[in-house]
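Colleague: What follows is the residue order along each chain.
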Amino acid sequence: MVQMTMIEALRDAHDVAMANDDRVVVYGEDVGYFGGVFRVTAGLQKKYGKSRCFDAPINEAGIVGTAIGMAAYGLRPVIEIQFADYVYPGMDQIVSEAARLRHRSAGDFTCPLVIRMPTGGGIFGGQTHSQSPEAFFTHSSGLKTVVPSNPRDAKGLLLAAIADPDPVIFLEPKRLYNGPFDGHHDRPVTSWKKHPLGDVPEGNEIIPLGKARITREGKDVTVLAYGTMVYVAEAAAAETGIDAEIIDLRTLLPIDLDTIKASVEKTGRCVIVHEATKTSGFGAELSALVQENCFYSLEAPIIRVTGWDTPYPHAQEWDYFPGPVRVGAALKTVMER
Amino acid sequence: MVQMTMIEALRDAHDVAMANDDRVVVYGEDVGYFGGVFRVTAGLQKKYGKSRCFDAPINEAGIVGTAIGMAAYGLRPVIEIQFADYVYPGMDQIVSEAARLRHRSAGDFTCPLVIRMPTGGGIFGGQTHSQSPEAFFTHSSGLKTVVPSNPRDAKGLLLAAIADPDPVIFLEPKRLYNGPFDGHHDRPVTSWKKHPLGDVPEGNEIIPLGKARITREGKDVTVLAYGTMVYVAEAAAAETGIDAEIIDLRTLLPIDLDTIKASVEKTGRCVIVHEATKTSGFGAELSALVQENCFYSLEAPIIRVTGWDTPYPHAQEWDYFPGPVRVGAALKTVMER
Amino acid sequence: MTNTPPLTLNVPEPGCRPGDTPDFSDFVIPRAGAVDRPPVDVDPDDIRDMAFSIIRVLNKDAEAVGPWAEGLSQEELLQGLRHMMLLRAFDARMLTAQRQGKTSFYMQHLGEEAVSCAFAMALEPGDMNFPTYRQAGLLIARDYPMQTMMNQIYSNAKDPLHGRQLPIMYSSKDHGFFSISGNLGTQFVQAVGWAMASAISGDTRISAAWIGDGSTAESDFHSAMVFASTYNAPVILNIVNNQWAISTFQGIARGGVGTFAARGHGFGIASVRVDGNDYLAVHAVAKWAAERARLGHGPTLIEHVTYRAGGHSTSDDPSAYRAADEGAAWPLGDPIDRLKRHLIRIGAWSEERHIQAEAQIRDEVVAAQKAAEANGTLGQGTAPSARDMFEGVFETMPPHLVRQRQEAGY
Amino acid sequence: MTNTPPLTLNVPEPGCRPGDTPDFSDFVIPRAGAVDRPPVDVDPDDIRDMAFSIIRVLNKDAEAVGPWAEGLSQEELLQGLRHMMLLRAFDARMLTAQRQGKTSFYMQHLGEEAVSCAFAMALEPGDMNFPTYRQAGLLIARDYPMQTMMNQIYSNAKDPLHGRQLPIMYSSKDHGFFSISGNLGTQFVQAVGWAMASAISGDTRISAAWIGDGSTAESDFHSAMVFASTYNAPVILNIVNNQWAISTFQGIARGGVGTFAARGHGFGIASVRVDGNDYLAVHAVAKWAAERARLGHGPTLIEHVTYRAGGHSTSDDPSAYRAADEGAAWPLGDPIDRLKRHLIRIGAWSEERHIQAEAQIRDEVVAAQKAAEANGTLGQGTAPSARDMFEGVFETMPPHLVRQRQEAGY
Ligand SMILES: Cc1ncc(C[n+]2csc(CCOP(=O)(O)OP(=O)(O)O)c2C)c(N)n1
Ligand SMILES: Cc1ncc(C[n+]2csc(CCOP(=O)(O)OP(=O)(O)O)c2C)c(N)n1
Ligand SMILES: [Mg+2]
Ligand SMILES: [Mg+2]
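Protein chains in written order, with the UniProt record's numbering: chain A, 1 to 337; chain B, 1 to 337; chain C, 1 to 410; chain D, 1 to 410.
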């Protein structure tokens, strides 16, 4: 085990995968010589050469499109979209091509491809460095969508994503790159270097996709969260004293329905938290799933705490961000009903 | 009143809008000389000249992007995406630009723009002529999303969309272009020319966005549907004898929550039907909204009847399409619980 | 500049619309043999003029002339003729089958058979095409079984794509034929990625990208050019300029530039035009481009100048937007007729043999069709299972799809 | 072809990385005055060479020479100098303010001031720019209040964009400055649409599109070229080639072609390059392009050749990827210095007056800054209301946003 930040853990996953498998190639904007604007790929070009880690032209459609061609050839491209906010030009290649290649060719061609992108806000990045577009991906059949919340998961899930035979969208909550941010933006954040989840196994240790993790057991209410919101939920539980069971979904699709069901059947209550815009966000799917599967256990309406249906604002960032106060209020409300 | 098919009604809406307002310009692939592959814009170029109705290069990003520039200039572009399946290359311009221009410029620039596209399956169009991508739009703050289900609504809602000061996504269920298809693909479809909803008011009669229409009153269960599914739901109600209240949402965003709430509070049950892929489809949002707003009225779990989480298949079209048998089964299930 | 006249919008118009007399007199056609054949390591900047000319081999008298006339044996030419005739006969039968309701949709190649048939023979096994819907000649010429193509078209029980795809959206990795997408342009940049992968892997295989004239307007065309140029990818970038994109003439996509091939100049890519109705020319140019790619000289952009003699698809009626006799006036002639006349001229063929061959090919196609129809047609006879719709979305079916499949009753 | 050597991937590299000695000896710079000035109705095909040269007016001795040297009075030149100095001083203050935590982010123009400042003066009121984040000179030169820019940068209570946008993402319709997007390239094609709208409306106004060298790789660049070319839109398409895109040198975007301007050739668009550090040259070329557009001769693509002397943004440290002294070695010099020397040479300016002007401009900027800071800085003092975040998503707030605003407590 080595103590790592999330950036280091992601870099390590790349390193391990590239060392083990020649087919793994890594590219994206500023990814090669410089090592990425968040430095996730720093050092890889030097170590593995320019044809395995390189800078790409600023063209997200081209980055995804060429990666699909490479995956069809037999390589295992791992590409970076500099910010999740910039994925839309690549949307057609992702939704119409990567997601459907195996199915439409009946397995004649496949698309083992990982598309990494920093996601979420909390860094005063304004509307184009803060978005959480996961619902676009979960609505596209043929994609898996992963959101790690700590260095250990980041490494294990990224290794699983790279090993996966199908395209995986890998969303990295950038506010967690250095430590477990809980939404208290006026307080310092502990570094992963001093956190148990910063303790990362060496080598090729995979965390399977599709398995959620209960980060806090509780009996009062189930909180479904992922990414940064896991820590916000933990803070809210601690601050309200409500005995919440917090589930870090880790993989949004395929979703770990068994874990969710077992928990909601136990608690009878459910709060869903995400940073993305509310309407048609992934929380809607979670809410629908919970009510379809746990209707008779539910003692109160499910509450969604999410970003608002507005662009992500710059100055009003903390009014937009679903912080511990809003999550705490939802926990109280759901307990009072 | 004139008896019209949906195509004719849409054409008439264009005609009225272009005649009344010089700022209305219409373009898209094959839209000019030929009048569109579904002939919605036939005759407009001849009547209004080549600079108000013209053919566009095959570049959806460019079609949307230029339209944004035109809207910012002060025109009112109405553009056609040939099939909704081809909107993804234009996604960045829609989501990042059209949807956010007013907000990000604090009203300095606005984007009154209508993006029309034929949507839905049932024509053996395979995976690239059948999709229903409405959930992508409802998740993007700043867009309105409209789905008419008959000629009268098509005209009135399109006129409202063109008059709207903000960008509107206008999804036309292509299976309804000629008549109210109810999913019984082995039976002939009545033409709109013999249907009361084919009776379309002349002139500039607007149907306001954001207002649902109850197409069938009932007391047993509320069915939330839009587009083709309205007729499927009607058939299912008739065939099962279940006294369903069927709501044609017409506008998905802004959603008419009042009408939904009043109905579910009355019936205590809810079935949601759409053709799009289930996971993160608009049905998820509807389900979440209903359970948030009507939790204490609900006597049974809300059921979603939707397309499956697979690409839209060619040969298995009727296995994918949520037809009256599946909707009827859901009505029975929801009544038995 | 304050008193300038009002601006006006320029909307390009084709020379001829229904009711007009077709007139191709503006269309400059160099004589066969006129264009030089540079070495494959030529600097793209030194052959800019080739983007404004047309490489042609067969002249009016059906002789093969000039520096691009070489390399194909009589046997190969006869084979080429057979491929094109097969494709045309195949198309004719399938158009009829569609009209008979045996399938939902079909797209033909009428007039464009040389492009894909000749190109196919210039690649090596292992190379990969990223075709559009109008290059079935790549399969026919590579002996992909017609019956299998028909099984796909009929979405029947033997359809290798299990009924999932629209008719003609074939896929065959073994035949160097990438799965066709219904979304225009996407494959153009994927081909570049495949070629980059080959280069990354130290392989010797190359890829070929395909796009229509209208679809060059798509953004993925640009992505392909940017990546191909930057990484010097071993790819052949084919534009099939058949003059029309459904109802829209090529001027709407091409704008103010003389030719589509000229698009390559903005990227330093070697760019040439070829007479797409001249089997020998297409083959020679394809060979040259393949050699360039394989020897590490990078991408070549080829504009195949041809004419879509039929409708866009079975859903289209071209008489609504172009003169009925425009095809007849098309100055580059018919590819089958031209190769046939050449073969007769060199004494390798005759009118009689041609008529015999036509009959025999028709029989072959009919036999394949019968066999395919024994497996069912769309909605008739055995069909791919609904269960199969849920398979193959992922390698391993995740729980939510298992649940949905069960809910669907399979 | 079976025994060909393995392929390899070409990954372009800049001439110089940290530790290397900068070397621009490959960079061919024509002497000032060398490039012809064709009439505005020139056929784009006749000036293809201009895409491979550089229009320059100021020579080594700071004289204005050649056919592009004309038109600007001493007063106008002094004004130009002042605009560039204002922009530089503004940048310096705001960089410091960002370091002091008064805002989250800033992007400067160091070395590129001539491009936007000179261009702004070539347009007419009513014309519309679609800028990127590095053309604030368009506002400064059009006398947009610096204090308002700072209010935006500080997201304070007087921010015209109500705190919604990232610093420097200005918008001012009245100043012909379209709302800046954080997504690269999108505005390039929107500008074409605006120009098409002007033509559709029989207006006389034109638009100007802006994009960086790296961002020309984006697909929207292609969309813009296709639409501008097809409809002959009255638009000026500006590429600001400042050699770098964050850490990526221009070769990654440009690929195998000599210049970015050459991209226009594939579309039949008049394409020229200009010395972006030469105020007079930029102004003259912009005037020429504007006249072409306004007179209906269509789009012009201008590559402004300049150098990003500073970091990409306040989040960037260029020493990690380029030689520290690369900027100093940049052969086109500094735009302010060059115009200053020219003005001194023609007797309109002096070192003393320059020093005075610098001090005075600094004072002006400081005064504006003080006034802006009185309205608050990011997170300090009065701020845009959270309530305002919900406003303006639509013209009329729909019920779901009213509910959310209430839920949020506003
Ligand atoms: C992204 C996308 N947009 C639009 C379409 C609809 N469409 C199908 S074929 C076609 C015309 C293509 O013309 P061209 O590229 O010239 O090819 P051709 O049919 O002539 O071979 C159009 C507009 C599509 N399939 N995909
Ligand atoms: C669609 C999109 N992709 C990526 C980015 C991230 N990004 C911001 S600026 C930049 C570099 C742009 O370089 P260039 O176009 O040369 O402009 P310059 O900064 O040099 O003025 C990148 C990659 C973005 N803003 N938008
Ligand atoms: Mg074509
Ligand atoms: Mg740059």
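Just so you know, these hints were derived from the structure itself, not from any lab. Just so we're clear, the structure is a prediction, and the values are computed from it rather than from any experiment. Glycine included, C-beta positions come from ideal geometry on N, C-alpha and C. One should not assume that every hint holds.
Unchecked claim - In silico SDA-like links for lysine to any residue, alpha-carbon gap of 25 Å or less:
#1 B:Lys332 - A:Leu298
#2 B:Lys219 - B:His185
#3 B:Lys332 - C:Gln406
#4 B:Lys47 - C:Pro14
#5 A:Lys50 - D:Asp316
#6 B:Lys50 - C:Arg17
#7 A:Lys47 - D:Asp36
#8 A:Lys46 - D:Trp349
#9 C:Lys173 - A:Lys50
#10 A:Lys46 - D:Lys158
#11 D:Lys60 - D:Arg353
#12 A:Lys332 - B:Tyr296
#13 B:Lys47 - C:Gln406
#14 C:Lys173 - A:Gly203
#15 B:Lys261 - A:Glu299
#16 C:Lys370 - C:Ala359
#17 D:Lys60 - D:Trp349
#18 A:Lys46 - D:Arg353
#19 A:Lys211 - C:Thr396
#20 D:Lys158 - D:Arg405
#21 A:Lys46 - D:Asp325
#22 D:Lys173 - C:Pro14
#23 C:Lys173 - A:Arg23
#24 B:Lys46 - C:Ala359
#25 A:Lys193 - A:Gly203
#26 B:Lys46 - C:Gln406
#27 B:Lys46 - C:Pro22
#28 B:Lys332 - A:Glu292
To be verified - Restraint-style ranges between C-beta atoms, simulated for each label pair:
#29 A:Asp243 - C:Thr396: 35 to 45 Å
#30 D:Ala359 - C:Gly296: 58 to 68 Å
#31 B:Gly49 - C:Gly19: 11 to 21 Å
#32 B:Gly49 - C:Thr396: 52 to 62 Å
#33 A:Ile214 - C:Gly296: 20 to 30 Å
Colleague: Could you run down the list of hints and mark each one as holding or not?
Modeller: Hints, verified against the model:
At most 25 Å may separate the alpha-carbon atoms for a hinted pair to count; Lys332 of chain B and Leu298 of chain A meet this at roughly 23 Å. The straight-line distance between the Cα atoms of Lys219 of chain B and His185 of chain B is roughly 29 Å, outside the 25 Å bound, and the hint therefore fails. The straight-line distance between the Cα atoms of Lys332 of chain B and Gln406 of chain C is roughly 18 Å, inside the 25 Å bound, and the hint therefore holds. Between Lys47 of chain B and Pro14 of chain C the alpha-carbon distance is near 19 Å, which keeps this suggested pair within the 25 Å criterion.
Only pairs whose Cα atoms come within 25 Å are accepted, and Lys50 of chain A paired with Asp316 of chain D is accepted, the gap being roughly 23 Å. Among the hinted pairs, Lys50 of chain B with Arg17 of chain C is consistent with the structure: their alpha-carbon atoms are about 15 Å apart, no more than 25 Å. The suggested pairing of Lys47 of chain A with Asp36 of chain D is violated, with an alpha-carbon distance near 50 Å, which exceeds 25 Å. Between Lys46 of chain A and Trp349 of chain D the CA atoms are separated by roughly 51 Å; this puts the pair beyond 25 Å, and the hint is violated.
Restraint check for Lys173 of chain C and Lys50 of chain A: the C-alpha separation of about 29 Å exceeds 25 Å, so the hint is violated. The hinted pair formed by Lys46 of chain A and Lys158 of chain D fails the criterion: a straight-line CA distance of about 48 Å is larger than 25 Å. Only pairs whose Cα atoms come within 25 Å are accepted, and Lys60 of chain D paired with Arg353 of chain D is accepted, the gap being roughly 22 Å. Our distance criterion of 25 Å between C-alpha atoms is met by Lys332 of chain A and Tyr296 of chain B, whose separation comes to about 18 Å.
For the given pair, Lys47 of chain B sits about 54 Å from Gln406 of chain C by alpha-carbon distance, which is inconsistent with the 25 Å threshold. Taking the CA atoms of Lys173 of chain C and Gly203 of chain A, the gap is about 35 Å. The hint is violated against a cut of 25 Å. Distance check on the hinted pair: Lys261 of chain B and Glu299 of chain A sit about 20 Å apart at the alpha-carbon level, within 25 Å; holds. Between Lys370 of chain C and Ala359 of chain C the CA atoms are separated by roughly 16 Å; this keeps the pair inside 25 Å, and the hint holds.
For the hint linking Lys60 of chain D to Trp349 of chain D, the alpha-carbon distance of about 18 Å falls within 25 Å, and the restraint holds. Restraint check: the Cα-Cα separation between Lys46 of chain A and Arg353 of chain D comes to about 51 Å, which exceeds 25 Å; the hinted pair is violated. Of the pairs offered as hints, the one joining Lys211 of chain A and Thr396 of chain C holds, with about 15 Å between alpha carbons and a cut-off of 25 Å not exceeded. At roughly 22 Å between alpha-carbon atoms, Lys158 of chain D and Arg405 of chain D fall within 25 Å of each other, so this suggested pair holds.
Proposed proximity of Lys46 of chain A and Asp325 of chain D is supported: the alpha carbons are some 23 Å apart, at most 25 Å. Distance hint between Lys173 of chain D and Pro14 of chain C is unfulfilled; the C-alpha atoms sit about 38 Å from each other, more than 25 Å. A C-alpha spacing of about 19 Å is found between Lys173 of chain C and Arg23 of chain A, which places the hinted pair at or below 25 Å, so the restraint holds. Between Lys46 of chain B and Ala359 of chain C the CA atoms are separated by roughly 47 Å; this puts the pair beyond 25 Å, and the hint is violated.
Between Lys193 of chain A and Gly203 of chain A, the direct Cα distance comes to roughly 19 Å. Compliance with the 25 Å bound is thereby established for this hinted pair. Pair hint Lys46 of chain B plus Gln406 of chain C does not hold up; C-alpha atoms about 54 Å apart against a cutoff of 25 Å. For a cut-off of 25 Å, the pair hint linking Lys46 of chain B to Pro22 of chain C stands: about 21 Å separates their Cα positions. Taking the CA atoms of Lys332 of chain B and Glu292 of chain A, the gap is near 16 Å; set against the 25 Å cutoff, the hint holds.
With their beta carbons about 37 Å apart, Asp243 of chain A and Thr396 of chain C fall inside the hinted range of 35 to 45 Å. Between Ala359 of chain D and Gly296 of chain C the beta carbon distance is about 59 Å. The supplied range of 58 to 68 Å therefore holds. The hint said 11 to 21 Å for the Cβ distance between Gly49 of chain B and Gly19 of chain C, and at roughly 19 Å that hint holds. Between Gly49 of chain B and Thr396 of chain C the C-beta distance comes to about 57 Å, which sits within the given range of 52 to 62 Å.
Here the CB-CB span from Ile214 of chain A to Gly296 of chain C is close to 55 Å, at odds with the stated 20 to 30 Å.
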